[in-house]
Amino acid sequence: MRILKLVAVLASVGVIATSLVGCGNSNSQNSTASMTDSASTGGLTSEKVFNYGTTAYGVAMGNAGLDPHISYMGWSSVRYGVGETLFKFNEAMELEPWLATSYEQVDDTTIIIYLRDDVTFHNGNKMTGQAVKKCFERLLEKHDRAPMDLDVNSIDADGQTVTFTTNKPNPAFVNAICDPYGAIIDVDAGITEDDNVVGTGPYIAEKVSPTEINLKSYDNYWSGKAKVDKVNVKSITDGDTLTMALQSGEIDATQGLPYASLSLFQNHTDYTISSADTSRLYMMAYNYKTEVLQDVNVRKAIASAIDKEGFTKTLLNGNGTPAVGAFPSNFTFGNEKVTAPAYDLEAAKQLLTEAGYTDTNGDGYVDKNGQNLTIRWLTYTSRQELPKLAESAQATLKQIGIDVKVNATDNYKDFLKKGDFDIYASAFVAAPTGDSQYFFMTHLDDNSVGNTGSYHSERIQELMNQLRIEFDTDKRSDLAIQIQQQVLDDNAYTFASHLKMSFVTKKGVTGFTAHPSDYYEITNKLDIN
Amino acid sequence: MYVRRRRCYIVKYVLKRLFMVIPILLGITFLSFALMQTASGDVIDAIYEQAGGVPSEEIVAAKRAELGLDKPFIVQYFIWLGGVLTGNMGNSYVSNRPVFQDFMSHLPATVILTLSSIFITVLFSIPLGILSAVKHNKITDYIIRILTFVGNAMPGFFLSLVLLYLFSVQLKWLPATGNNGFVSIILPTVTLAIAMTAKYTRQVRAAVLDELKKDYVLGARSRGVKERIILYFSVLKSSLLTIVTLLGLSIGSLLGGTAIIESIFMWPGVGKLAVDAITMRDYPVIQMYVIWMAVIFVVINLLTDIIYYYLDPRIRLQKER
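So the sequences go chain by chain: A and B.
To convert, count from 1 in the first sequence and add 188; that's my numbering.
To convert, count from 1 in the second sequence and add 2; that's my numbering.
Isolated chain A (complex conformation):
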């Protein structure tokens, strides 16, 4: 009986302790981040270890593995410093050489790429034109998107040059091979069963699993051996766990913290936040098949009543930037180059009056021919920002007398097919390879599935035809501005915001910054002090 009592008392103490902790939660908040002894410096040896927790790695993202030729695994390969592409993007999303030194557009369909002479794969083999050729051949054979994007006719290798010929003029070719699927791996070295590869980056993957990648630095990295010896990339899908793992010091940096947790680390001396505007765009398409929306004044009135500032500042806690055009400000053809209707409820009301809508029966909603102006707002929930955008729009549009019926459903494709919507709000990565053409082709082309609102403009079709064959970067940029401006003048789309991506790191972590492309995370510059 005595033993029984002892066990009972012990158990009770345990349960009381945990319930009390639940109550005392808020009192101990101050001491959370006081720890400075870094678990990351690895104890007795001077080996530097960097633990990184991210929500962006995993089977559900299609990127669990490092083989760039399968699905989205290339993203992991490039993000975590195993694979590198021939060219990369700078902060302004312009092309920069990486494994290549330069390229030459010989004619409309021929591109010669000159490779660096000092790059070796992780197995010590030199990266040659032949190796790059083999890698691209495997990419074109295995990957789903690459063959269409690149449209390659033939590849020739000679020493440190590779010559690509395309079937049709492809001005965005070099941009396209910056997509992480273009990461260069040693195909002859083989790909393991767990999708590990032999790349050229600063880190070699020792172990790859769907939840974790363990990396060690590559001694002969062409751009200088990495400062941190080991990196562990951990997939942590739960936002609260991620937050606490950072607070407990178990990880040194995170990506994908929930908006609510981010404020815990803001203005905190023990942590640093690095953010960048990405081209992930939240936008609304107007359905041209809806009769009321065929009136440009109604579309413009709605556009003028979208409070982008309020949406990004309040509802997204500052984790977004109001958009004007389709591309963020760091692009040469970004936000500042175009104009869109400003948030102005009075002007919006005026536009509705001009379109014949007034509140005749005093019910708070404008009407015409006895019919209230009601908008069916279709969106989905898998991007947490979209339902918030719907809420925000519902509130502000009510102020100008428009009744918004929100339909946030993951069956949205059925509604799109049936045309059962007036406005469709969605998220889209507008320029994954820094070029504008991709977004226009998917959203403005008459035959594109992404053109959900059935928008048609002769001028835009003509400008897009020019863009398809224009190789000059400045002229392409100019065309991108003209196309966006036309879309905005027509009020065919309203671009609400761009997503801001943030890394939170422990103090002392350097060389780990958010990039607008969302491709480059772990580099040889990463260090822990």
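Only pairs whose alpha carbons sit at most 27 Å apart, straight line, appear in this in silico BS3-like list of lysine-lysine: (1) K73(B) x K605(A); (2) K330(A) x K73(B); (3) K695(A) x K174(B); (4) K525(A) x K688(A); (5) K174(B) x K418(A).
Just so you have them, the derived chain B footprint on chain A, three or more residues with Cβ under 8 Å: (6) 249-262; (7) 331-337; (8) 427-441.
Incomplete in silico selection of chain A near chain B, CB under 7 Å: (9) T399; (10) I424; (11) V637.
Since the hints were derived computationally from the structure, they do not count as laboratory data.
Built from N, CA and C at the ideal position, the CB exists for glycine as well.
With chain A fixed as given, assemble chain B onto it according to the hints.
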């Protein structure tokens, strides 16, 4: 003679029950396959949506054809069934790895977590329950009852966050996420065990109280049998029937994985695998999970029945007659 008849009966019974698994599996896999089809969208949509792009229709159509998703649902089901009958559970649509291997690699984590949490639960709930019953309406009983209320009322996700905050963030004794050897299992085990212990303690208490009121206890007491002997050899044994039923159900559901706990602690079990597969509409993985769940529940029920058979002479004698 008697023993042989008994063994023969059990073998026949087990075979009959195992044979029943076949129609159950057919029915349940067909049903889940059909249900998945009614949900809008498929794995191809899910993959590209995650990445935030819209590939051209040709790419989507080609990918769909490659996975056989363009075929009518009934054809898809029979292709899958054909594969299963020849020992091929198919490849995951998302990771492209063999489903069986993927699933098996997640299973040990789930089994370990099940065993550890059941062990802790039994270790604490039986003594606490008995103590509570013996001290009926005394202060010890009240304290235990209040604690079990609290334990029952706390949702798993909340409890796990509280534990994480205390032991990981504040005290830094335990890691927040899995894969760090033995220490990693402590928090998920405790989270699961607290809720179960609370439930089981109350069940044990009720069962023991019930038994204590019975005539045979009074009889034994009046014959001067020691209270401890009555408690351990008669009362506890009779109360075990209730506990075994409950344990069967708990083990069944634990072996199915605990998606929320697994997500929070990044414990690489089958629960999270299943939830991810459902989100991505990864049919082969979902089907593997459905088969697993059906099999464990059939097996656990069978085991429970066999244990009844040994524990309760009434059942044994009735069946053998």
